[in-house]
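Protein chains in written order, with this note's numbering: chain A, 1 to 94; chain B, 1001 to 1416.
Take the hints with a grain of salt, since some may be wrong.
What the hints assert, rightly or not - Chain B residues, not near chain A, derived (Cβ > 10 Å throughout):
1. N1163
2. P1251
3. I1252
4. R1399
Stated by the list, open to error - BS3-like mimics (lysine-lysine), calculated; alpha carbons at most 30 Å apart, straight line:
5. B/K1244 <-> A/K26
6. B/K1052 <-> B/K1002
7. B/K1392 <-> B/K1094
8. A/K66 <-> B/K1249
Treat the hints as calculated values from the structure; they're not laboratory data.
Heads up, the beta-carbon is just placed ideally off N, CA and C, and yes, glycines get one too.
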Amino acid sequence: MHQINCPWCGKRDEAEFQYQGDASVKRPEPDASQDEFFNYVYMRDNPKGWHTEWWHHIGGCRQWIKVVRNTITHEIHATGGPQDDLELPKADVK
Amino acid sequence: MKYSALSILREGLRGHKGWKPMWRDPKPKSHYDVIIIGGGGHGLATAYYLAKEHNITNVAVLEKGWIGGGNVGRNTTIIRSNYLHPANTHFYEKSMKLWEGLERDFNFNAMVSQRGVINLFHSDPQRDAFARRGNAMRLAGVDAEILSPEQLREHVPILDFDNARFPIKGGLLQKRGGTVRHDAVAWGYARGADSRGVDIIQNCEVKDIIVEGGKVVGVETSKGQIKANKIGMAVAGHTSQVAKMAGIKLPIESHVLQAFVSEGIKPFLDTVVTFGAGHFYISQSDKGGLVFGGDLDGYNTYAQRGNLPMMEHVMAGGMAIMPAIGRVRLLRHWGGIMDMSFDGSPFICKTGIDHLYLNGGWCYGGFKATPASGWCFAHTIAKDQPHKLNEKFTIDRFREGKMIDEKGVGPNPWIQ
């Protein structure tokens, strides 16, 4: 079971969180092309390995947090606030 | 060898020494007309219909592991065609019709059991929504009926009709829905394809897809390079990974769906019941085990196992609607990896690369689609254009605003 280290609340059970998807995609500028918006809304790398993603701490502080998690082992490498740039571990990136 | 009562009798008298392996174990040739990547239900069905319907028999099915070892052996075996959107309704009804004739067609006992599928509802608005879906189904020629609480009590007496939070007000029944012996589907299609000349090559992992001048020409595998005129991908769960070999990015996320089987008990439930409001559905296998499941764990994953919070949630759903199962012990549980598309509907289509075709995005509805998926994919590959039944299952539908969003939840695959 995932235990996610919320930067505000500390290590909490997965059941307190709602997953909110891939955090590596960035909303394009308002005048961006339709293709850029299409890619932002629908296209995903869906990596097998390390994945940066949003988890919403709905059962706690209600902050959105960023999590770097492994989609094969479920290991959590790092967590941070929405503004933090979290680096992926060098190894095992596929 | 054709299977029949006579062949059983004959082999019985001979001490069962004359049975042959159901398919060969061939070495890959250097070139095929068509390669199907993925020896699951959909890939094997595609090869079968390529041979049977289109007379294309110089075909290889490449499977990384062994056939039937992926999601075709990891599902909860339910078949139904109770969809609202026309593209889905007609496609899944084609599948249902193929299920109905499948065993005679491929001469294999897949234990197709049309024991009915009932979706429970708990309020007036929900009944209205289900009646609307039932009407849409009937307009498309699919059977559907609304059961009153009294009719439902007669049908499934063990439900907790007076549940305080989710009182049961009736159900939408599709009588022709039911269950199928899932492994036998893979074996039946494999045997049928093999007997028509298709090479089923197991333990053969595709490492790369070779594209030259915008056209696919072959694959690199763990058993060497194999060339082909056309290549179809049918690897749901890992579609993003395989498509990436050809440089294709897709609107798909991989998620895990858990399933559970209890110890065997005496006959208890003779239909399939779904409790959508509580994320729980259940049937009883012919061995007596209760087969049930719920919703996705809800985070990207390729691990074929789930986590405890969703297990607890599924059990709670079961206890809410069917408290009688409370003392039954769980025998085993597992997880399967789903291609979750961004509208909950699949892809059977051409890709941007000539002669490379995509079959995927099955979400958690892949098993019941197996026959129609293979049938439509074979057509798409053979004719280099989709059949009317799958012409809407394209990648471009998202760009064109033509999503087929059965659940109406938008581009959030983890809640599709």
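So, going through the hints one by one against the coordinates:
Against chain A, the non-interface label of B/N1163 holds: every CB pair exceeds 10 Å, the least being about 23 Å. With a minimum CB-CB distance of about 4 Å to chain A, B/P1251 fails to clear the 10 Å threshold, and the non-interface call is violated. Consistency note on B/I1252: stated as away from chain A, yet its beta-carbon is not over 10 Å from all of that chain's, at 6 Å minimum. The claim that B/R1399 lies off the interface is violated: its Cβ sits roughly 5 Å from the closest Cβ of chain A, which falls inside the 10 Å cut-off.
Proposed proximity of B/K1244 and A/K26 is supported: the alpha carbons are some 21 Å apart, at most 30 Å. With a C-alpha separation of about 16 Å, the suggested pair B/K1052 and B/K1002 falls inside the 30 Å cut-off, and the hint holds. Straight-line distance between C-alpha atoms of B/K1392 and B/K1094 comes to about 15 Å, which keeps the hinted pair within the 30 Å bound. Note on A/K66 and B/K1249: the hinted pairing holds, with a Cα-Cα distance of about 23 Å set against a maximum of 30 Å.
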